[in-house]
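Protein chains in written order, with my numbering: chain Z, 5 to 150; chain S, 5 to 150; chain Y, 5 to 150; chain E, 5 to 150; chain P, 5 to 150; chain B, 5 to 150.
No lab work stands behind these hints: they were computed from the structure. One thing to keep in mind: the hints can contain errors.
Since the list gives no way to pick out one identical chain from another, each pair is judged satisfied if it fits inside one copy or across any two copies.
[Stated by the list, open to error] Straight-line distance between alpha carbons at most 27 Å, and here's what the computed BS3-like set of lysine-lysine pairs gives:
#1 K85 <-> K9
#2 K76 <-> K62
#3 K62 <-> K19
#4 K44 <-> K103
#5 K44 <-> K150
#6 K76 <-> K9
#7 K76 <-> K103
#8 K103 <-> K89
#9 K62 <-> K9
#10 K44 <-> K89
Listed below, chain by chain, are the residues.
Number of protein chains: 6
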Amino acid sequence: MPLIKLGTMVYITRKEHFNSAHRLFRPEYSDEENLRVFGKCSNPLWHGHNYILHVTVKGEPNPATGFVMDLKTLSNLIQEKVLEKLDHKNINLEVDFMKGELASTENLAIGIWEELEPLVRLHGVLLHAIRLQETENNIVEYFGNK
Amino acid sequence: MPLIKLGTMVYITRKEHFNSAHRLFRPEYSDEENLRVFGKCSNPLWHGHNYILHVTVKGEPNPATGFVMDLKTLSNLIQEKVLEKLDHKNINLEVDFMKGELASTENLAIGIWEELEPLVRLHGVLLHAIRLQETENNIVEYFGNK
Amino acid sequence: MPLIKLGTMVYITRKEHFNSAHRLFRPEYSDEENLRVFGKCSNPLWHGHNYILHVTVKGEPNPATGFVMDLKTLSNLIQEKVLEKLDHKNINLEVDFMKGELASTENLAIGIWEELEPLVRLHGVLLHAIRLQETENNIVEYFGNK
Amino acid sequence: MPLIKLGTMVYITRKEHFNSAHRLFRPEYSDEENLRVFGKCSNPLWHGHNYILHVTVKGEPNPATGFVMDLKTLSNLIQEKVLEKLDHKNINLEVDFMKGELASTENLAIGIWEELEPLVRLHGVLLHAIRLQETENNIVEYFGNK
Amino acid sequence: MPLIKLGTMVYITRKEHFNSAHRLFRPEYSDEENLRVFGKCSNPLWHGHNYILHVTVKGEPNPATGFVMDLKTLSNLIQEKVLEKLDHKNINLEVDFMKGELASTENLAIGIWEELEPLVRLHGVLLHAIRLQETENNIVEYFGNK
Amino acid sequence: MPLIKLGTMVYITRKEHFNSAHRLFRPEYSDEENLRVFGKCSNPLWHGHNYILHVTVKGEPNPATGFVMDLKTLSNLIQEKVLEKLDHKNINLEVDFMKGELASTENLAIGIWEELEPLVRLHGVLLHAIRLQETENNIVEYFGNK
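Isolated chain Z, as found in the complex (with noise of 0.2 Å):
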């Protein structure tokens, strides 16, 4: 009996990371507003992370492959709809789908997500998971709005 059944839905998960600038801050609080609220995550003039992202998506594996998706194939989505947007960037000033938002891990978080998932269910897949690491004790997960 072959392992891939009908049904059978296996998860896969590709590990990516980039490395950028942020703050956060309301733009109508004053610097002593900010600092109280957000600590020393407002500084005005900027810090930064080594961002690590999970992104997991979901589907029955190809016979013909073995492969739910090819992992190079979301590699390259990520590559082009999310590294190449914010690796060696400024979150706050430089990435489109981050523009008006506070520029936190939860919010960043969604808006990956909202960035591939259209693009990945066009490989006949579901994005399951998105997982962004700021720092190595502090870990957002998104699994959509569902």
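With chain Z held as given, fit chains S, Y, E, P and B onto it using these hints.
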């Protein structure tokens, strides 16, 4: 269209760690019986671990901050209710919520959940998971008594 | 009130690893076709990986031990049914449950599930997840054919 | 015979981390010239990193404590002289010992050495190495100007 | 020209780990004095760690095997002389080479060196370094009493 | 006083990885003899690893760039001379500088040194170390034939 919509559920995780001593044993067993059941973990003179703890909460990001919950606040809760009780302590002898319990990783994860769940809820979010790593090869996860 | 109550479900994970050779190819394709579909992974002279395996089972902790299942027992099962077959082996040529299958990480994860699921059940717990990491950037998860 | 003998030299290392923004550029260059020399690291709108710092000191363990130096004391020195200046800061604009310097990892490691070396010596030990990791793939080590 | 030439020195490292209980204290001090000097590490009821040990030996590779030393042999030596004594033990109470010594990481590294150095030499290689990690942030290295 | 002074020596490291197949054996031995000497690493049907490579060079930082050497250039050298030859290849059968050599990690590290050393020197820096990790527990370092 803003990234945060009605019902947008996001999961955030804080990683912490603590170093404790413990042993696995039943007081009504002899040392030989404890050795047979619990192996070298039953050593009456104790051993210990660097435990790694991931606490995951879920909720809707606050549009005013972009945060599900300030991770600094979550870290402070864990510090006060979990790390102060466990770090550099003897789990069998010094931890109030483990009194009378076997000091297994499973029980420790449940105990940490019970400590944190009511407090986390007061901050308007839900505790989703306690992930407790005793060694690199042994991990326990608890998602509440559902 | 004891930590373990009726219906308390806990998840425990054992991490193991194995080092194997494999190649991705279809025997009815020429080397050129395999190269086009599977890239450098189709090298007819093989390549290999340090696979990292996480096996997660779930169940109610036994009040007598505090364990869902003795992780040593789980490790022994994985050793006997998975590592003995895969470690320092050629996945395409030497692994019984991969005969006639494409040696993709997806198929390997499904095959490991099929090997372990009946045995784990005999120990009174349920297999929850097979997580198989081929490289730091490529991860597959399988939760059974549900 | 005691473990610590005359002249027993031991090396101890404290790991710390900080998150900063920076850019690589020469002010007398145009943006195009900076891009050619420094690549995407020259982005005028900044980017950032989670830097990982290992500080190694060497000395003879104190027979009264078994310590070369209390690692808590070393951590406090690093906190005061390095992390307070660098964490959540802009390396080019806000760090006194980097003023007028290119914000390369090499220069940053030398600057951290200069900050710590005199202080460490006051505690009766010698600074041995500064190891600074900018990304998982890029590491700089400095052992002083010997 | 063969890769291994006369005098080609190569360093090989084996990583192992052990989980132990300990406390830092001087028996002639009161608990208050010990707390002042050793902080929470002086807890009279013990705490513990997952220690990570790297043992590095150096020598000329054997042209017949390509090995400086069979790492399986080195691992067996470490198992017999170090891990059997330390793993799941109380360092202060149960480890012969630590009797009467402060259970600091420095002393433990020196003690492990003394255990292994004569045995390693019998295999025709030289012990180069003991690297002992008590926590992710605290590391000790010892290169012998040179 | 500038950070970079005459004779300031700094060490920079680039981390790369490759996935290869190999076996340890001597062609003049029978399979039984090879099994006795090399254990399961002698499997005639190959096995493989995710090798992790750290290449360290040393030199004086260039005051014009703050770089010892552009790590992108170093990465390109490693790509061309090492990874193209080793990644997704069979070390015994396909790697020119390993022909006729035992495919031990020691020999592989020496071979990589020989590949890179002359090229690195052309860039005005010195090769300091090749660190090659075959598994998480087995590491080889080579510092040249000094």
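Hint check results:
1. K85 <-> K9: The answer is between: 22 Å across copies meets 27 Å, while 33 Å in one copy does not.
2. K76 <-> K62: within (15 Å within a copy, 31 Å between copies)
3. K62 <-> K19: both (15 Å within a copy, 23 Å between copies)
4. K44 <-> K103: both (22 Å within a copy, 21 Å between copies)
5. K44 <-> K150: Answer is neither; intra-copy 33 Å and inter-copy 37 Å both fail.
6. K76 <-> K9: within (24 Å within a copy, 32 Å between copies)
7. K76 <-> K103: Classified as between: cross-chain Cα gap 25 Å, same-chain 29 Å, threshold 27 Å.
8. K103 <-> K89: Answer is within; shortest intra-copy Cα gap is 12 Å, inter-copy 30 Å.
9. K62 <-> K9: For K62 and K9, both the intra-copy (15 Å) and inter-copy (24 Å) Cα distances are at most 27 Å.
10. K44 <-> K89: both (25 Å within a copy, 12 Å between copies)
Violation of the numbered hints given earlier is confined to hint 5; every other hint is satisfied by the structure.
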